[in-house]
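> With chain A fixed as given, assemble chains B and C onto it according to the hints.
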Amino acid sequence: MGDRGGPYTLGQLAQALGAVLEGDSELVIRGVAPLETAGPDQLSFVTHPKSLPLAASSRAGALLVGAEVKDLRAPLLRAASPQTALIALLKLFHPAPPFSAGIHPSALVASDSRIHPNASVGAFAVIQPRAVVGPRARIFPMVYVGEGVEIGEESTVYANVVIREGVRIGRRVIIHAGAVLGSDGFGYAFDGSAHQKIPQVGGVVIEDDVEIGANVTIDRATLGDTVVRRGTKIDNLVQVAHNVEIGQHAIVVAQSGISGSCRVGTGAVLGGQVGIADHVTIGDGVMLGAQSGVPGDIRAAGQYLGTPARPVAEARRIYAAMPRLPDLLKKVRALERRVRELEARLGIESTGSGEADAD
Amino acid sequence: MGDRGGPYTLGQLAQALGAVLEGDSELVIRGVAPLETAGPDQLSFVTHPKSLPLAASSRAGALLVGAEVKDLRAPLLRAASPQTALIALLKLFHPAPPFSAGIHPSALVASDSRIHPNASVGAFAVIQPRAVVGPRARIFPMVYVGEGVEIGEESTVYANVVIREGVRIGRRVIIHAGAVLGSDGFGYAFDGSAHQKIPQVGGVVIEDDVEIGANVTIDRATLGDTVVRRGTKIDNLVQVAHNVEIGQHAIVVAQSGISGSCRVGTGAVLGGQVGIADHVTIGDGVMLGAQSGVPGDIRAAGQYLGTPARPVAEARRIYAAMPRLPDLLKKVRALERRVRELEARLGIESTGSGEADAD
Amino acid sequence: MGDRGGPYTLGQLAQALGAVLEGDSELVIRGVAPLETAGPDQLSFVTHPKSLPLAASSRAGALLVGAEVKDLRAPLLRAASPQTALIALLKLFHPAPPFSAGIHPSALVASDSRIHPNASVGAFAVIQPRAVVGPRARIFPMVYVGEGVEIGEESTVYANVVIREGVRIGRRVIIHAGAVLGSDGFGYAFDGSAHQKIPQVGGVVIEDDVEIGANVTIDRATLGDTVVRRGTKIDNLVQVAHNVEIGQHAIVVAQSGISGSCRVGTGAVLGGQVGIADHVTIGDGVMLGAQSGVPGDIRAAGQYLGTPARPVAEARRIYAAMPRLPDLLKKVRALERRVRELEARLGIESTGSGEADAD
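Chains as they are written, first to last, in this note's numbering: chain A, 1113 to 1471; chain B, 1113 to 1471; chain C, 1113 to 1471.
Bound-form chain A, shown alone (with noise of 0.2 Å):
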């Protein structure tokens, strides 16, 4: 969307970022952009080590970097926390854009619901009866919010999202678009001929300042509420099942699928396409490799991979032992060759391959 803020000297984007400025104050920085394309009037950044030798080669005017980044040319900002330095910068430089509270006309508002006159609700959106919007809470168009559901101050609900019957959402939360928040969660009884659908009659609550990825499902609980605490960040395609409960900041990302009736700990992080079994506990901090699938239970905090997951060095020691296998059958199979040539001039009588053994 090109740069809308600025420009701003080095001088004070240092004092803005509480950053120690190192190199000319009335540098003029008009944006900032990536190590590979910043040009001289752009800021760019080090947010990581193995950024560093880009860095080396790069245009940018000047730098934001930790304390202990050394031997680079170009004007540099040092800040204590460079990722949060750089959220700063990145407002600046790209303010939110402006925001106008009210109603368009083309949205269909049932006349008992609560829109707060700060609230902004875009074209085509739907709110049914009952529903309740707090103030500077943005509903983009097309949005549907069903019977009954609350949305808190300053949420943004991005188009085309889903949002049905009953659901809680709190403050500050973000809903990108195509997701979906209450559809009933899947459950049925087979009565021998067919599988008849258990009604899903309970909710789905959103805490605070949780962010929810484009075209993610969050089912609505069967009885009781289906929970994602505050802080918590889902990635895109993301599926929660009835009845979950996630706990405050944790990272689901893109892809993962949690079963119905599972706990996520607090602080604990779904790596890409995870997928966990139904009533399953994952513990507080508990941070779970791309792709890892678990089967049961997970309560110590720490890193853990692959199906079944595993810590992770265990895991990494399996996946490197892996190549080794076709090899090593060779090897035992050549072993029992010569074992039995060996017992065969002992005169021992060989008590084959290990049928014996089996436990």
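Read the hints as simulated data drawn from the structure, not as lab findings.
Errors might be hidden in some of the hints.
[Stated by the list, open to error] Pairs of lysine to aspartate or glutamate residues, derived as EDC-like cross-links and limited to a Cα-Cα distance of at most 16 Å, are as follows:
#1 C:LYS1442 - B:ASP1439
#2 A:LYS1309 - B:ASP1320
#3 A:LYS1182 - A:GLU1134
#4 B:LYS1442 - C:GLU1448
#5 A:LYS1442 - C:ASP1439
#6 B:LYS1162 - A:ASP1390
#7 A:LYS1162 - A:GLU1148
#8 A:LYS1162 - C:ASP1409
#9 C:LYS1309 - A:ASP1320
#10 C:LYS1162 - B:ASP1390
#11 B:LYS1309 - C:GLU1266
#12 C:LYS1162 - C:ASP1183
#13 A:LYS1162 - A:ASP1183
#14 A:LYS1162 - C:ASP1390
#15 C:LYS1309 - A:GLU1266
#16 C:LYS1442 - A:GLU1448
#17 B:LYS1309 - C:ASP1320
#18 B:LYS1442 - A:ASP1439
#19 A:LYS1162 - A:GLU1180
#20 C:LYS1162 - B:ASP1409
#21 A:LYS1309 - B:GLU1266
#22 B:LYS1182 - B:GLU1134
Structure of chains B and C alone, referenced to chain A:
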């Protein structure tokens, strides 16, 4: 959404469910709740043996249980099938919202479509020419119904579903929000310089009593039809590719993917995140564990697991053995050394570590 | 949808396709159908050797085949590339529906957007300020086109697609229903107590002739652009994270996930449900089998499979060896016992089971 039906006495409930009452028939029950949260005026339920400890400590006013459950102090409703009784119970306390027929004035309905007068079409829905919507079918707001689509009686299509041209949907089908039916199959022919699109001119047929989860995608066939047969239930974010046929009463759990031209048998069960390669046949009654990958046909009923999917007992033995692989490599190396030493003692020339034995 | 073009005689079809006719040029063909269902007035086709048995028993009036096919009794149309000829054939019998330009009166189109007079905009579509829609582009109902979006000529955007601000889309691009382009990348900095959102202020660029499946998600870059290059085809439910660049003419099968800042090379093929870790480079011509997991760069063209992905021959050897692992454990245990016995006979002191040999 809170309870809307009731209250009922235990005696009334026993009669309505055909259950045997063990306790005070005059006890008033105001709702159904999980064992953990149910209070003295609520009924809870035991549909799985592992809930028994929770049941013993539940504050629920009464419990719905099966024949085999013993030693609970709460008043009991004993049902031959507690799961089926639970369905009836939930419907008593949570009756379906009243259905109001009619076409919302904001909906765009083609003049040559046929909407049954008892059907309902929500705000901003688009019904294209020659579409047919049956009696008591419910089309939520912002649904797109393409040209010539047929939707059978009592089917429900939630908000923001897209049903492209020519798709045929049976009776009592439920399609959750954001699902897409009839998108083009993924077919190209590489002409040496680019992928040429193969026109996808077939259709999609969804038979009676199918349920389709939120944000599911079901592609139209190249020619002929992609088919989901009667009674099958599909969870959220599942991909069904062109020309797939899923048999009756199958279960497809979230995020599974079924590639082009697969056949999935009657009563088959696909766990979450299962992937099936194209042109594969999955037999009747085959159950695939979560995250299984299926490169070829599996015809015999039974449980399978893993990538490539194997009979579950075999897969579990492999999973259990895998952590011992790194140690096994060391053991075999030690054995080779020891056998060389033995051979040296006996004057046998070593034949190395298996190379001579390669297959 | 039934056939809409034709009928044609076999002679007419041979001429239109540039195929050699072996049979009656006056035979009337009314449609194209799969081998299993084609009748005597329909043409079917053999584009894969494994279809030959079906072809022999097909009731099709005639068959489209390649040069190498023999011993079929039906009249034949022989084409140098049967797949390319099939595309032409399908277009003859299923011509694209007529395109009618114009903006539906219910669409909401910003006055300072530029919609080409030959473009089409469907009902309830929302076109935000400064968006540009090229000639013969087709915007289906309920599409959201954000501020400053560009959509090139002859592109098709199906219903309920969301294209957020600033996304640039080339010519002849097809975007299937429910896809979301330009949602925020998934980036946070943990400040010790909460995940702070890193503003995602970059864009998305989709080049010419790209096809994007239903419910796909493509995130905008943090800075710079997420890019999908010319001719690449993306299947349903794929996740493309921020700052990814996918090269030309790549194929990404359903439910694959490409993490942030990945580079995917020209002509690369990702099978279904593949996952690629962030900042990974996939070289030109790399083909990843379904469900592969890629933790690090793969630069050499060729086929790879598994998690972690390995050259396909190696992965297959591992898969084949895995079922023998449980038995191998037993065999090695037996060998250890036998070697101990041999050592005892020769008066050698056993060195145990490999501990002394650990690496």
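> Now look at each hint and say whether the structure bears it out.
Now the hints, each set against the structure:
For the given pair, LYS1442 of chain C sits about 13 Å from ASP1439 of chain B by alpha-carbon distance, which is consistent with the 16 Å threshold. Restraint check for LYS1309 of chain A and ASP1320 of chain B: satisfied, since their Cα atoms lie roughly 14 Å apart, inside the 16 Å limit. With a C-alpha separation of about 12 Å, the suggested pairing of LYS1182 of chain A with GLU1134 of chain A holds against the 16 Å cut-off. Among the hinted pairs, LYS1442 of chain B with GLU1448 of chain C is consistent with the structure: their alpha-carbon atoms are about 12 Å apart, no more than 16 Å.
Distance hint between LYS1442 of chain A and ASP1439 of chain C is fulfilled; the C-alpha atoms sit about 13 Å from each other, no more than 16 Å. Taking the CA atoms of LYS1162 of chain B and ASP1390 of chain A, the gap is about 13 Å. The hint holds against a cut of 16 Å. Pair hint LYS1162 of chain A plus GLU1148 of chain A holds up; C-alpha atoms about 13 Å apart against a cutoff of 16 Å. A threshold of 16 Å between alpha carbons decides the hint, and for LYS1162 of chain A with ASP1409 of chain C the separation of about 15 Å falls inside it, so the pair holds.
Taking the CA atoms of LYS1309 of chain C and ASP1320 of chain A, the gap is about 14 Å. The hint holds against a cut of 16 Å. Pair hint LYS1162 of chain C plus ASP1390 of chain B holds up; C-alpha atoms about 13 Å apart against a cutoff of 16 Å. With a CA separation close to 15 Å, the supplied pair LYS1309 of chain B and GLU1266 of chain C stays within the 16 Å bound. For the hint linking LYS1162 of chain C to ASP1183 of chain C, the alpha-carbon distance of about 15 Å falls within 16 Å, and the restraint holds.
Between LYS1162 of chain A and ASP1183 of chain A the alpha-carbon distance is near 15 Å, which keeps this suggested pair within the 16 Å criterion. At most 16 Å may separate the alpha-carbon atoms for a hinted pair to count; LYS1162 of chain A and ASP1390 of chain C meet this at roughly 13 Å. About 15 Å separates the Cα atoms of LYS1309 of chain C and GLU1266 of chain A, which keeps this hinted pair within 16 Å; it holds. Annotation: proposed proximity of LYS1442 of chain C to GLU1448 of chain A holds, straight-line Cα distance about 12 Å (limit 16 Å).
A distance of roughly 14 Å separates the Cα atoms of LYS1309 of chain B and ASP1320 of chain C; the hinted pair therefore holds under the 16 Å criterion. Between LYS1442 of chain B and ASP1439 of chain A the alpha-carbon distance is near 13 Å, which keeps this suggested pair within the 16 Å criterion. Annotation: proposed proximity of LYS1162 of chain A to GLU1180 of chain A holds, straight-line Cα distance about 13 Å (limit 16 Å). Between the alpha carbons of LYS1162 of chain C and ASP1409 of chain B the distance comes to roughly 15 Å, so the proposed pair stays at or under 16 Å and holds.
For the hint pairing LYS1309 of chain A with GLU1266 of chain B, the CA-to-CA distance comes to about 15 Å; that is within 16 Å, so the pair holds. For the proposed pair LYS1182 of chain B and GLU1134 of chain B, the alpha carbon gap of about 12 Å is at most 16 Å, so the pair holds.
This entry satisfies every hint, going by the numbered hints stated previously.
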